[in-house]
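> Here is what each chain is made of, one letter per residue.
There are 2 protein chains.
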Amino acid sequence: MNIALMLAIAAGILGLLYGVVQTLGLMKANAGNARMQEIAAAIQEGAAAYLKRQYTTIAMVGVVIFILAFIFLGYLSAIGFLIGAVLSGAAGYAGMLISVRANVRTAQAASDGLAKGLKLAFNAGAITGLFVAGGALLGVSGYYAYLTEVLHKTAHDRDLINALVSLGFGASLISIFARLGGGIFTKGADVGGDMVGKVEAGIPEDDPRNPATIADNVGDNVGDCAGMAADLFETYAVTTVATMVLAAIFFGETPYVGMMMLLPLVICGVCILTSIIGTFFVRLGKDNHIMNALYKGLIATGLLSIVALAAVIKYLPGLGFDTPFEYVSAGTTFHFTGMTLFYCGLVGLAVTAGFIVVTEYYTGTGKRPVVSIAQASVTGHGTNVIQGLAVSMEATAIPALIIVAGIIGCYLLAGLFGIAIATTTMLALAGMIVALDAFGPVTDNAGGIAEMAGLPPEVRHTTDALDAVGNTTKAVTKGYAIGSAGLGALVLFAAYTSDLKYFAGLPDAPAIFQGLGNLTFSLSSPWVVIGLLIGGLLPYLFGGMGMTAVGRAAQAVVEEVRKQFREDPGIMAGTSKPNYGRAVDMLTKAAIKEMVIPSLLPVLSPIILFTIVYFIGGAVPAFEALGAMLLGVIVTGIFVAISMTSGGGAWDNAKKSFEDGFVDKDGVKHLKGSEAHKASVTGDTVGDPYKDTAGPAVNPMIKITNIVALLMLAVLAHGA
Amino acid sequence: MNIALMLAIAAGILGLLYGVVQTLGLMKANAGNARMQEIAAAIQEGAAAYLKRQYTTIAMVGVVIFILAFIFLGYLSAIGFLIGAVLSGAAGYAGMLISVRANVRTAQAASDGLAKGLKLAFNAGAITGLFVAGGALLGVSGYYAYLTEVLHKTAHDRDLINALVSLGFGASLISIFARLGGGIFTKGADVGGDMVGKVEAGIPEDDPRNPATIADNVGDNVGDCAGMAADLFETYAVTTVATMVLAAIFFGETPYVGMMMLLPLVICGVCILTSIIGTFFVRLGKDNHIMNALYKGLIATGLLSIVALAAVIKYLPGLGFDTPFEYVSAGTTFHFTGMTLFYCGLVGLAVTAGFIVVTEYYTGTGKRPVVSIAQASVTGHGTNVIQGLAVSMEATAIPALIIVAGIIGCYLLAGLFGIAIATTTMLALAGMIVALDAFGPVTDNAGGIAEMAGLPPEVRHTTDALDAVGNTTKAVTKGYAIGSAGLGALVLFAAYTSDLKYFAGLPDAPAIFQGLGNLTFSLSSPWVVIGLLIGGLLPYLFGGMGMTAVGRAAQAVVEEVRKQFREDPGIMAGTSKPNYGRAVDMLTKAAIKEMVIPSLLPVLSPIILFTIVYFIGGAVPAFEALGAMLLGVIVTGIFVAISMTSGGGAWDNAKKSFEDGFVDKDGVKHLKGSEAHKASVTGDTVGDPYKDTAGPAVNPMIKITNIVALLMLAVLAHGA
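Residue numbers (the numbering used here), protein chains in the order written: chain A, 1 to 720; chain B, 1 to 720.
Same shape as in the complex, but just chain A (with noise of 0.2 Å):
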């Protein structure tokens, strides 16, 4: 086997190997007293059923489409289908797994003092990291390894592209589930258990007496831990294969095609390396700071990761201007050397470091935007609700603007496969990522159950602080997913683009096919245009339908929250125990009927537009008003995405502002209870299904309207 991809997979064994091998050290860790132990076991079931039951769910959609892939694209699709969707879903158990258990032992740390509980958070979120990155190259490079060493398939196999293709779609449609489920499910624990706790019954936030508490805890699990490992799990398959393809588009007909398609799964290779070193540099310095612990860990591995690039680009292509290649696409012939692929890396490491401090501006305690929020908290709910949104929509301006830069830069170095180099190296550090954001719901949940332990005041503090730098943290892994979205926006539109030409130029091409090669997707096409509203109108609407699902579960949630309190009022006394079991029940069913429809939503559309266009208008404005779609969908997405993330991030940390007293700009100290902290509480509480239902999902939502386009595709092809 090619040496290369050997790495490939070794490096995704490696990363299973890390996980595991911390996952063992972890388990010896001190899990905390009898109570404490017993929270977390009501947690752990709480989080164990209800991914069961989604998963369940989920498992019924994914039979259909399995068949329909055996039926329509043959057993290899199939397959591959069947990988992704179990990888991904099994990413997600794990980080559900890793987190139960290292809640109790974070919230028993942190009595050791913050060190050790960021250790300890910090290390359950880099075996999460490790699993969803390790998981995804080790599929997706093994699926191929087997595919090309054991079937012998080429990059002119359309069995070969067509599986790695549909192993992106498994992935993609778990995660949509899981993101929009375990989103729809933590949020109205949370949001309903904040709105009768906190403002109603003036109850702080996980105290033991609110009956939605150990749903709250539950949710933190299912939702911020398992859907965000889904999501991060398809984006880093859903990006290499996309590489992928288009290599084995552009490079078909050259003898460097393999060592091409290669590329981005070593790069993915050696990052998890990098990712691995870079775990062991966060640290917390005499400081105490513990973002720049984290950002000591992200530097290093982002560092290394120049260096390991750089060696990859020496070993494959060439590190130097005089090995030039070239390749074609939409009629332009683009050259490039590997010293401008290896440019073209470094872009995509610059778009995640703008990214990153972007996020960190318009989300961090303390800057301009989130103190804004915490000012206008003063004048009222009204005020505060306002500043939000307008920070909301102001936060994305910069991320589009890097996204362009990055998109002009790497088209002007190697074109699009230089754009497509860029948005895998971006998505190869996601080990580190997800570290960073899966330590946050571990440290929720530690402060949780040190609450309800009722365990010394400062354990809390110290669980609210690592919590704090959660938020940002858990904005800026979500921000980094739609960055790649978008700079990969013109990756997925080729792969279309590409897929098409190929299909119409072949001599037995499809009755449907033909005559389509020279199709421009020209702006003056109104065929193109009613695409791009129709793309536009989906996150829109799939955004709408989350957050109404979050409305009606809190609604819900609120009401069984007031009637255990009216019904024992012993429970608000502290003498009789709520019925916590209640609350997960309900949300674990709402959260399953509510996630199915708006997550068949961009499943469904491309193939209703497709077919409804073709019988007004024929083949060419159907396929037209297709691919404008996949941009579509894009152009609306990032700006929903990006708004909900940072929006919501910014609101949580101006209501955390109140928490040890925030000074407004007339010198007036508003505490924790005043009524500009209630304001802030309901501007938290309107972020939450923002930055983590509806925002996240726009992720997922955007690549399954691509892939299930490149699919149908597929489709026409072989069953014609």
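Treat the hints as calculated values from the structure; they're not laboratory data. Any given hint might turn out to be false.
Since the list gives no way to pick one copy over another, a pair counts as held whenever it fits inside one copy or between any two copies.
To be verified - No farther apart than 30 Å at their CA atoms in a straight line, the calculated lysine-lysine pairs in the DSS-like style are these:
no. : residue 1 : residue 2
1   : K52       : K116
2   : K119      : K672
3   : K665      : K593
4   : K589      : K669
5   : K656      : K593
6   : K367      : K672
7   : K501      : K665
8   : K589      : K314
9   : K672      : K589
10  : K593      : K314
11  : K656      : K678
Values in this document were obtained by computation on a predicted structure and should not be read as measured data.
Starting from the structure of chain A, add chain B where the hints point.
Chain B in isolation, oriented as in the chain A frame:
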């Protein structure tokens, strides 16, 4: 002079005459008692002072642009710009003058019953509506007559095209300042006043003890009335001009070019007549259903317009399938007949009807979306806002589909020119639509005056009933304006691409245009994609700025009112009068200051984008990116605008659901002053800048971006 042109001019004059005659009648109505007149005088004074300052500021920008137009495009364009700007400003000013006189008379008339109040308020709205439509038509057709009949310019003269486009630019420029400045003023006052008055002090809206109450009423006149009038003037003028420009391009080589250029003017002309007739059909039936009364007028206008449209088509191109016309656009030859053009007009009317029905559904009291927001208020502020945001996002779906259906229908019937005629026909009803809208602020003010003057509660009840309908009609107008922008998107883009092709084809084409003849604006071009992204960013950045401005103004109002309450406890006791002027002055300064930068965003963005891309990539990328920007701004703009205007209307009416007590799903009745009502006030507060500041200003923003691009082409061609 051509009889068709004379007809258009005559219709414009007729519209203005109707306005003058009705104004004389309005002034004769009883202006109420001394207290009422005193209040009305304060509102008049504040509104006039604000508009004077606003226009002075705009004039400074206007003078600069006038000089630039004169230097780069010649005196005809400069004069065109001046005409558009002055008339648009005049339409806004006239709207304000009528409104501040009709308010107090409506309050008085409402004492005599709902029918009388409705009649007077609607008449006032109709005056504004006909001033807007008549003025715009007279401006465009009069200047066109001067250019063609006096100066003998023909469709081949770029001077003619540039002069008309400049007229549109003048109108757009005023309108964005007026929409945004007025919007910031009115919503700063409204939000600030409500938050401190209703929520904190617990006094009703428009209570004379609230120092912001006069400012709130001034705001209705300068924002909802003057700003709206300038906006619709702009939409009307730009749509007509764009259709004329397309006609000149498409039919330049045919003998019927003159007829095709006149067609939009004559359609607008006859629809002024049908709008006037329609106003006489507005009459309260026995059911006392206000919306039905208004619909009678609208339906009469619509049905009459079908007949009038048929007559115009019969008289000009000929109403039959036997007079085929053809033109070439983007390489495709289109055939159409008078009859298919008539069908396109019907599509325009159907789109209008569709928008009205959908908007009424999403914003009407008692319908599912508004009830869902009211229901969500029962569980608190947070769920209210979440549900409102969900409704706002969902509300974009059907309008987008309507636009898509309209585009496809017209394109299949008669190509791009068919879409242009549909958009023109849609806009031709503006007289009637503005009448429905402008009656809203009049009744809102009437309610305020009734409250402040201490009229009996049943008067307030009558004006409240009128005002609730006004919320829906206001949302309808905004949806209608943005819908026409969506439908017209391809028209403006076609004007851009056709101009580009024209300049590139000139024998002495300036260097920058050379080789541009076959620009395809393909989605495969990265320059097109970045153009879409940057265009897509504008509505978000603009919306964020608008929301921030309102938030800031509202916070200042809250502080001012709190200060007055603190410094003089006699105000709340009712023994001393608050200082109304201080709030008006403060808001005037704030609105003027805050409106400038966002308004310049769409003016400068096309120029900056073009320049940067030109230096990075050269002429082709620059023109591609600029063209794509024009569609990008529409793709996100439509969703941002519709979600904001419909969502805001829904929040407002959800709040109004509590005025007579809202019965929730469990049968519990929530009255004014209840916790649920307070939560609904928060939502309304958030919806205010959504629906009355940021949302509606997106429409002129889109137009400006497009027109600036057209003018840039002219300048580049002219200057070279």
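> Taking the hints in turn, state whether each one holds.
Hints, one by one, checked against the model:
no.: 1; hint: K52 x K116; in the structure: neither (33 Å within a copy, 65 Å between copies)
no.: 2; hint: K119 x K672; in the structure: within (29 Å within a copy, 53 Å between copies)
no.: 3; hint: K665 x K593; in the structure: between (46 Å within a copy, 21 Å between copies)
no.: 4; hint: K589 x K669; in the structure: between (43 Å within a copy, 29 Å between copies)
no.: 5; hint: K656 x K593; in the structure: neither (32 Å within a copy, 32 Å between copies)
no.: 6; hint: K367 x K672; in the structure: within (20 Å within a copy, 39 Å between copies)
no.: 7; hint: K501 x K665; in the structure: neither (61 Å within a copy, 56 Å between copies)
no.: 8; hint: K589 x K314; in the structure: neither (53 Å within a copy, 62 Å between copies)
no.: 9; hint: K672 x K589; in the structure: neither (34 Å within a copy, 35 Å between copies)
no.: 10; hint: K593 x K314; in the structure: neither (51 Å within a copy, 56 Å between copies)
no.: 11; hint: K656 x K678; in the structure: both (11 Å within a copy, 24 Å between copies)
Violation of the numbered hints given earlier is confined to hints 1, 5, 7, 8, 9 and 10; the remaining hints are satisfied by the structure.
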